[in-house]
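Undergrad: As a plain string of letters, each chain reads:
Protein chains: 2
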Amino acid sequence: MKLTILGCHSASPHKNKNPSAQLLEIKGHRFLIDCGEGTQVQLRKAKVSFAHIKHIFISHLHGDHFYGLPGLVSSFRLLGREAPLHIYGPKGIKEALTLLLKLANSWTNFPLHFHELSSDSSVCIFEDNEVSAHTIPLNHRVYTNGFLFAEKKGLRRVNIEKAKQENVDTSQLRLLQLGQDITLESGIVVKNKAVTFDPETPKKYAYCSDTAYLPAIVPLLKGVDWLYHEATFLEQHASLALQTKHSTARQAATIAHDANVGRLIIGHYSSRYKDICLFEEEASQVFKNVTLASDGLVIS
Amino acid sequence: MKLTILGCHSASPHKNKNPSAQLLEIKGHRFLIDCGEGTQVQLRKAKVSFAHIKHIFISHLHGDHFYGLPGLVSSFRLLGREAPLHIYGPKGIKEALTLLLKLANSWTNFPLHFHELSSDSSVCIFEDNEVSAHTIPLNHRVYTNGFLFAEKKGLRRVNIEKAKQENVDTSQLRLLQLGQDITLESGIVVKNKAVTFDPETPKKYAYCSDTAYLPAIVPLLKGVDWLYHEATFLEQHASLALQTKHSTARQAATIAHDANVGRLIIGHYSSRYKDICLFEEEASQVFKNVTLASDGLVIS
Numbered sequence: 236m237k238l239t240i241l242g243c244h245s246a247s248p249h250k251n252k253n254p255s256a257q258l259l260e261i262k263g264h265r266f267l268i269d270c271g272e273g274t275q276v277q278l279r280k281a282k283v284s285f286a287h288i289k290h291i292f293i294s295h296l297h298g299d300h301f302y303g304l305p306g307l308v309s310s311f312r313l314l315g316r317e318a319p320l321h322i323y324g325p326k327g328i329k330e331a332l333t334l335l336l337k338l339a340n341s342w343t344n345f346p347l348h349f350h351e352l353s354s355d356s357s358v359c360i361f362e363d364n365e366v367s368a369h370t371i372p373l374n375h376r377v378y379t380n381g382f383l384f385a386e387k388k389g390l391r392r393v394n395i396e397k398a399k400q401e402n403v404d405t406s407q408l409r410l411l412q413l414g415q416d417i418t419l420e421s422g423i424v425v426k427n428k429a430v431t432f433d434p435e436t437p438k439k440y441a442y443c444s445d446t447a448y449l450p451a452i453v454p455l456l457k458g459v460d461w462l463y464h465e466a467t468f469l470e471q472h473a474s475l476a477l478q479t480k481h482s483t484a485r486q487a488a489t490i491a492h493d494a495n496v497g498r499l500i501i502g503h504y505s506s507r508y509k510d511i512c513l514f515e516e517e518a519s520q521v522f523k524n525v526t527l528a529s530d531g532l533v534i535s
Numbered sequence: 236m237k238l239t240i241l242g243c244h245s246a247s248p249h250k251n252k253n254p255s256a257q258l259l260e261i262k263g264h265r266f267l268i269d270c271g272e273g274t275q276v277q278l279r280k281a282k283v284s285f286a287h288i289k290h291i292f293i294s295h296l297h298g299d300h301f302y303g304l305p306g307l308v309s310s311f312r313l314l315g316r317e318a319p320l321h322i323y324g325p326k327g328i329k330e331a332l333t334l335l336l337k338l339a340n341s342w343t344n345f346p347l348h349f350h351e352l353s354s355d356s357s358v359c360i361f362e363d364n365e366v367s368a369h370t371i372p373l374n375h376r377v378y379t380n381g382f383l384f385a386e387k388k389g390l391r392r393v394n395i396e397k398a399k400q401e402n403v404d405t406s407q408l409r410l411l412q413l414g415q416d417i418t419l420e421s422g423i424v425v426k427n428k429a430v431t432f433d434p435e436t437p438k439k440y441a442y443c444s445d446t447a448y449l450p451a452i453v454p455l456l457k458g459v460d461w462l463y464h465e466a467t468f469l470e471q472h473a474s475l476a477l478q479t480k481h482s483t484a485r486q487a488a489t490i491a492h493d494a495n496v497g498r499l500i501i502g503h504y505s506s507r508y509k510d511i512c513l514f515e516e517e518a519s520q521v522f523k524n525v526t527l528a529s530d531g532l533v534i535s
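These protein sequence lines map, in sequence, to chains P and W. Add 235 to the 1-based position in the first sequence for this note's numbering, that's all there is to it. Add 235 to the 1-based position in the second sequence for this note's numbering, that's all there is to it.
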């Protein structure tokens with residue numbers, strides 16, 4: 236699992252302060268999460284091939300999370316893309332993108348699948364054999380979802396040498412991967428645990444932005460390895476956070492603490508703060524393992 | 236008159252290659268012409284106060300000329316703007332921006348006036364005492380206008396010393412500015428030309444992007460001081476220019492030559508060319524005074 240922060244600042248773009256966008260690499264997928272203005276340039280800087288992006292998840296339709304998407308989709312078209320693109324986002328996203336493409340007389344030459352979201356409960360929006368994605372309903376000024384990406388439990392890993400010693404035939408390795416014991420022709424039973432290792436622990440990543448402090452999401456975040464939670468403000472501006480439905484660094488850390496996540500990543504800093512380190516200081520009083528997001532940061 | 240090139244590259248944004256946007260300062264106005272993705276960052280880099288922009292002219296609704304506008308309008312709102320904003324652009328621009336603002340639940344707290352264009356002839360779209368703006372209908376894959384900005388002839392400039400010598404009263408200076416002769420109480424007539432200088436020659440700027448080679452615009456461009464004309468391709472790709480309704484450097488120079496403009500500025504280079512100097516080389520074979528646009532370039 237690898238996370239590239241493409242942009243982690245709130246509101247309007249500044250030089251070297253990009254609005255929200257992240258690339259999550261998980262089990263061979265490259266999921267783009269949010270797409271603020273300038274995301275395609277950030278993708279280029281991070282040397283991400285546009286062709287590898289097949290799923291884009293948009294939390295909400297505020298500009299700093301969404302206004303880079305029309306340009307990115309146009310670029311896909313100009314680059315001759317043929318592979319389908321799946322876009323997950325709030326109801327209305329299809330109408331907006333379709334209108335912009337129509338006005339530009341720029342219909343995509345690849346299948347564009349919209350998955351419009353409107354549920355107020357957590358729902359599964361993507362699933363294959365190796366990974367799933369669920370929404371995390373958030374509390375912001377417009378309809379907003381976070382996203383929970385979870386690897387599925389993998390196969391048991393066979394200790395090849397040990398299996399050979401026990402005379403297991405290679406044709407039976409698949410059964411070992413699936414957790415079964417093996418009965419040899421001699422009648423001897425080889426216990427699965429004797430010749431396999433546990434599968435790798437499945438990883439989970441949760442993205443929560445933008446949202447007011449929302450303890451209701453804690454149960455959904457239990458067991459998450461990495462949690463990105465917005466922290467637009469410091470506690471000194473808690474009333475502004477309340478008013479604009481954003482969180483403070485302390486509130487983000489409280490969510491991380493209560494959900495007992497592995498690591499908290501914070502971002503979406505308001506541009507009013509010159510010293511971003513204050514966010515780490517405040518959050519780490521409540522939760523120890525805090526990482527400050529920065530544009531271009533790679534976590535793996 | 237001062238022109239700042241904010242972006243002059245075609246198609247999708249690259250690091251250090253911004254899509255179309257320009258700021259024209261003329262007679263106290265700051266006109267934004269086109270607004271590709273990333274324009275607000277380019278404005279910040281050029282240290283342009285957002286509050287000074289009151290008129291935005293959009294040539295056409297392709298992303299590289301337009302997808303920076305929703306974010307810029309959102310930023311105006313976040314910055315607490317109260318002054319009216321006028322947006323001139325093709326029919327559909329109002330529907331698109333209004334939908335995006337509605338989806339973001341971000342109504343502007345300042346008056347937003349749309350001036351939708353649909354005429355195929357040149358029309359006056361802005362006029363005050365000092366400057367006018369007319370459309371220049373172009374030939375592209377979607378409905379597109381260039382823009383002609385013209386200063387109006389100013390007042391005559393009074394030679395104060397000479398006027399005093401001739402006993403003209405200060406209350407009569409305004410009449411001199413307006414070009415009138417003055418009859419003194421003594422009955423002596425002071426000829427206007429004896430105590431005034433000609434007004435400064437009014438300046439004209441024309442922006443033509445995007446367009447196929449279109450000789451029909453030459454009459455509109457006669458007497459223009461600076462002409463920005465797109466040159467997406469070199470002659471070696473003239474068939475591509477024809478197919479995509481863009482121009483070559485030679486074609487841009489031919490328009491400049493035939494209209495006898497003062498200076499030709501070219502830009503909107505396709506990213507296929509590594510050496511932009513080839514554009515200057517090709518154009519200057521037809522027209523001598525060629526300037527290559529570059530992001531951040533200021534012409535005054």
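Worth flagging that the hints you see were computed from the coordinates, not collected in a lab. Honestly, I wouldn't trust all of these hints.
Copies of one chain are not kept apart here, so a pair can be met inside one copy or by any two copies together.
The calculated lysine-lysine pairs, modelled on DSBU-like cross-linking and capped at a C-alpha distance of 30 Å, are [what the hints assert, rightly or not]:
| # | residue 1 | residue 2 |
| --- | --- | --- |
| 1 | Lys280 | Lys509 |
| 2 | Lys428 | Lys523 |
| 3 | Lys252 | Lys326 |
| 4 | Lys337 | Lys480 |
Computed from a prediction, not measured in an experiment: that's the story for all the values here.
Undergrad: Work down the list of hints and note, for each, if the structure agrees.
TA: Hint-by-hint comparison with the structure:
For the homomeric pair lysine 280 and lysine 509, the shortest alpha-carbon distances inside one copy (24 Å) and between copies (18 Å) are both at most 30 Å. For a Cα distance limit of 30 Å, the shortest separation of lysine 428 from lysine 523 qualifies neither inside one copy, at 36 Å, nor across copies, at 82 Å. For the identical chains of this complex, lysine 252 and lysine 326 are intra-copy neighbours only, at 28 Å inside a copy versus 33 Å across copies, given an alpha-carbon limit of 30 Å. Within a single copy, lysine 337 and lysine 480 get their C-alpha atoms only as close as 34 Å, which misses the 30 Å cut-off; across copies the closest is 18 Å, which meets it.
Violated hints amount to a single one, hint 2; each of the other numbered hints is respected by the structure.
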